[in-house]
Every structure is written in structure tokens, then in C-alpha cells.
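Once you have looked at the hints, place chain U on chain Y.
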Amino acid sequence: MSTASSNNLPRISEAGSRESEESGRAASKRLKEGIESALALVFGVIFFGLSVVVSVETLSRKLFNFSLQGADELGGYALALGSTLAFSLAIMGRAHIRVDVFHERLPKSWQAVLNLLSIVSLAAFGIFICWLAFQVLVDTLNYGSTAPTPWATPLAYPQSLWLAGLIAFALVAGGYSLQAIRLFLNGRTDRLLTDFSPKSAKEELKEELDDLVLRQGGEAS
Amino acid sequence: MSVPFIALGFSAMLAMMLIGLPIAISMAVIGVVGGVAAYGIPFLDSIAPVVWGVQNDNLLTSIPLFVLLGELLLRSGIADRMYVALSAWLGRLPGGLLHTNIGSCAMFAATSGSSVATAATVGTVALPSLRARGYSMRSSLGSLAAGGTLGILIPPSVNMIVYGSLTNNSIGKLFIAGIIPGLLLTGMFMLYIAVAAMWSKESMREPKVPLGERIRLLRNLVPPAIVFGIVMGSLYFGIATATESAALGVLAALFFVWRSGRLDWALLRNCFISSGRISGMILLIITAAFILNLTISLTGVAENMTRWVVSLGLSQTALLLALIVFYLVLGMFMDVLSMQVATIPITYPIAMALGVDPIWFGIFIVLMSELGMITPPVGMNLFVVHGIRPDNGGIQDAIWGALPYAVIMLLFTLLLIAAPSIVTWLPLYM
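Chains as they are written, first to last, in this note's numbering: chain Y, 3 to 223; chain U, 446 to 875.
Just chain Y, with the same shape it has in the complex:
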């Protein structure tokens, strides 16, 4: 795996620059964790809230024959925003699937280039779907489209949230891309390998094992 052999690669050995790099890394780690928590909170609130509304609707429809209507529609909007936040969370957790069976057998420099290409392509895709979403929204505004449902929701509202979520995704992916490009230009292949490789089965397993230890009341390694 890439982490094991990254020590063989050239590193900046000056103590000072390493120290400042360490503190820079700590700051960016805190920023990342903050963004991740915020995204996770909104994601959780959306789907817990939706569960409550949908459950109430389902039960009242079956038990009292009374339908609130629109829970389906709300579910669609919840997904439109929730999925875009989830895209960002997946970027931050390196969870977007990549096949690593051949990747990890390639020369280190190729692996680094492919890692760079992967994150940049995700950012490009993010910008592309932002552009598509923007067109959808413009059309909606031009025609004043409403949902074909009892609520007749003006679609501009949910679509604006959707676009906002996609912009967040493009920004997160773009931020990671800039970091990757900078690492590449500075010749820091080692960090392109440690921070941008596809998540291996080993890493995923370690995360699960740490969580297992935590929930059984111990300290994670």
C-alpha cells in the first residue's frame, strides 16, 4: 500500500519548514473537521426530519385514512439537497470508489498522477453539474415552473437549494484539487500518495476496527 513505502521518497528535511508544515496541516485538518461536522449535521437533520414527516404521513394515512400529502415530494427535495452534501462528505472521506487493484501496482509517479487526475476530474464533474443545475434553474425561472403535485411548489426553491449544494460540492472538490495541484507542482509525490490514493480495504478495515473498539468502550489505536 502507498502509505508503507512513502518514506523512501524525497522529503523536505529542514526542521523549520517541517514544523510550519505540521502546523499548517493541523490547521487545515481542523478546518476540514469543522466543515465535515457542519455538512454531517445538515445531512442528518434533513434525513431525520424527513423520516419523522414520512412516518407520520404513512401512519396517519393507514390508521386514520388521512393523508397530509406531499411527503413524497418532500422526499425528493430532501434527496436533491442531501445527496449533494453527501457528495462533499464522500470527497472528504475519500469514499468515491476507485478500483485499486491495478493502480497500486503502477509505478509511484504514475499513481500520483492518477490521484491528481482523479480529484481534478471530480472537481470538473462538480463544475459541470453545477452548470447543468444552473440551466435547469434558469429554465424554471423563465417558465415559472411548479411541481405537478397538490402543493404546486414553485420548483425554483428546491432547485436553488440543490444548486447551492452542488456549488458546495464543486468548492470542496476544487479545494482538494488545488491542494493536489500544489503538491504536484512542489514535487510532493509522497503526500499525493498518502492523501489522495483510493481508500484501500486495509484502511477501511482499520476505520471499522477503531470504531468497534470505541463502541465497546476502549481507546482506538
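No lab work stands behind these hints, which were simulated from the structure alone. Remember, predicted model here, so these are calculated numbers, not experimental data. Each hint should be verified, as a subset may be incorrect.
[Unchecked claim] Pairs of lysine to aspartate or glutamate, EDC-like flavour, derived with a Cα cap of 20 Å:
no., chain 1, residue 1, chain 2, residue 2
1, Y, Lys-204, Y, Asp-102
2, Y, Lys-204, U, Asp-502
3, Y, Lys-208, U, Asp-525
4, Y, Lys-201, Y, Glu-106
5, Y, Lys-208, U, Asp-836
6, Y, Lys-31, Y, Glu-205
7, Y, Lys-31, Y, Glu-209
Okay, now just chain U, sitting in the frame of chain Y:
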């Protein structure tokens, strides 16, 4: 588009996937490039409504909800406690704790949906005690790897939602259809363990646990059983759609987490991040798959492929046998979800043209995906159980240990081809 051109596009996509570019990107790029090649720039205008349509599809809302449901049961430790209860009940069978591995993996994976979490949790609890009691490492690893695959067949299964949404089939029917094959396959795995144990003459059995203790331990199975009952019951009796049953399940799971006294922000944050990552990964792939699907349907790729296959004069059985080989090979190199989304848009219309039942075909695809989880070199479950073994053996132990189960899965698939009503019978009574 002609068949060679399609083959070229499909190969290009596979190549991008295999050198390690993100799966979603590989599919979207081929979809967009293919569409623009056929229709020029105006094609881009037709993508936009498709993307909104996917991301606004209430059916797909069930994916984050089911993932969240599984994470709640997993991270709160509710799923962990099932192993203890099952080992007290199943340990007396010939083959002892190996049955417990299969049984707990099946239940655990059915609730959590993640094969890595399943193998990690069950394996960590099981492997040290299996080793201390002298079970062979090979059969221990094999049973864990194989048990972990059962989760995508036993509902609720995200892979079935993906199939249903790509092919416009009822998620509820697919879930219900998975129950009998899931139980049968679990039974076949356990039968194999018992027969192998008796045959090898060093049959392992666990000491008898007093009945009172066993009944007391059943308590641990109550929360997952109730959650499962709510989800499947509401679907089966037509009370709820897939998304509604998932919402009911999330609330039930939340109630049990609260009862267990572990409900706090740290746990919730953990669940939210983890379910966000998993659903983000899945939904981005689905979004890309729909872009690719648009190109496939506009350009008539599926019709051309179907016409070509039909012109070969294959019988239904011959086609399915060919597909088994195709998926067996593909599953060796690709992960399950990528394999599904990349192939279903082509293989589904072909199978339908030859008169295969759509729900049956969904179960078939899921079985082929399960097989892919334990076939080397990229069997995810093999790596995972290998990663938690307490001694320093090689990966080949996991591979050889899982091989009999792979053979059982293949035989089971042949059985389903011979007797398709195993799958199609139960959904008839919904």
C-alpha cells in the same frame, strides 16, 4: 451505433475504471462523450433535466435512509450483540461456531449493509475464539467472507434499490423476492459446514448453553428483529413504499439507540458522516449511470446489442450461462456496485428480450455480485477477513476457505435457473 463501436466505448470505460479513475467519472465521461459524438453539443441540454430527475427521485431517497438505519444499528453496538445470542443457539450444530459466523454475518449484514463492517465486527469477535478452540483458520476465514456476502441478498439491500431504479422495477418486490433465496443460500452454507464437519471426523461442537441463558440472550435479537419486521412487514402488506418503510425503520432504530443509552452527538456525528460518505458515493455513481443511460437509450445501443444477441439464436438458459461467466470474470476485478451500474443498462434489455422475469434477473444480478465479493484478486471480503486474522498466514487461506462457498453460490444460481419460482413465488402474494 454499431456493435464494435459500443464494444469500444464499453472497453474505454472499463479501462478508465481499472487504472483507478473514480467509477462515477469514468461512466459520466463515456456517457457525455458518446452523446456529444452522436448528437453534437445540443446533447448537453438533454442531460440537465435527467440529473435533476435523478436527484429529485423520491425512490432513491430510500438509499440514504437505509444506509442511515444500518449505521444507527451498527455504531450503537446493537448489531454487535447479535453474535453472542446466535453463538449460544447455533454452537451445538456440527461445525459449531462456523454456523454462528454464517448466521451472524447474515443478520448483521442484513441490518448494516456494509460487508466491511460485517466482516470486521463479526470477525474480530469470532476469530480469536475460533483459533483458541482449534477451528481451522481456512474454514473460519471462508465462513466469515462468505457470510458477509449474504447481506446484499437479504433485504433491505441497497444493491437491489440500485437495480430497481436503473430498470424501473418495484423495490418492494425485489426485497420480498430476496427473502427465500437469502434463507435458502444461508441454509446451504450451513448444510455444507455441517456435512464437511461430520466428514472430516474432527467435528467441532460447542458446549451446551443452559436453556435459560439462551432465552435470556434472545433479548439481543429483539431490536434488529423489530426493525427488520417493521421494514419488511410494511412493504409486504402494502402499507408503505420502500422510502416510507425506510423512514419507519430509521425511527425504530433511533428509538432502540435511545433505549440503549448511547444516543449522543458523538454517535450521531459518526453515523451522519459515515452514512453521508456511503450514500454520496452511491448517489454520485447513480447520477453518472443515468447520464450514461441517457446516451445508451438515445443512441439505441441497448436495442442494437439486444438485436445482435437475439440474432445469435441463444436460448434463455444459454444466455444466462454466458452471463454467469461474464459476471464471474468481471467480478474478479470490479467492486460490486460499479459492476452493477456499468452492466445492467445493457444486460437487462437483452435478458428481457429473451423473456427472463425482471425480478428474477435482479436476484440473479445480486447473486453474481455476491460471488464477486469472494473471488480473487479483487474479492473485497477476502481482503477484509484476511486483514483481521490474528496469525500471519497468507491471503490464500481466505481464498481457499471461501472457494467452496463460491461453488455453492454457482450451484445455487443454476438451481434458480432450473426453478425460477424460488424467486418469483413470494412476491406474488404481496
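Going through the hints against the structure:
1. This hinted pair checks out: Lys-204(Y) and Asp-102(Y) have alpha carbons roughly 12 Å apart, not beyond 20 Å.
2. Distance restraint check for Lys-204(Y) and Asp-502(U): the Cα-Cα separation of roughly 34 Å exceeds the 20 Å cut-off, and the hinted pair is therefore not satisfied.
3. Between Lys-208(Y) and Asp-525(U) the alpha-carbon distance is near 17 Å, which keeps this suggested pair within the 20 Å criterion.
4. Straight-line distance between C-alpha atoms of Lys-201(Y) and Glu-106(Y) comes to about 11 Å, which keeps the hinted pair within the 20 Å bound.
5. About 17 Å separates the Cα atoms of Lys-208(Y) and Asp-836(U), which keeps this hinted pair within 20 Å; it holds.
6. About 18 Å separates the Cα atoms of Lys-31(Y) and Glu-205(Y), which keeps this hinted pair within 20 Å; it holds.
7. At most 20 Å may separate the alpha-carbon atoms for a hinted pair to count; Lys-31(Y) and Glu-209(Y) meet this at roughly 17 Å.
Going down the numbered hints, you'll see the structure goes against just number 2.
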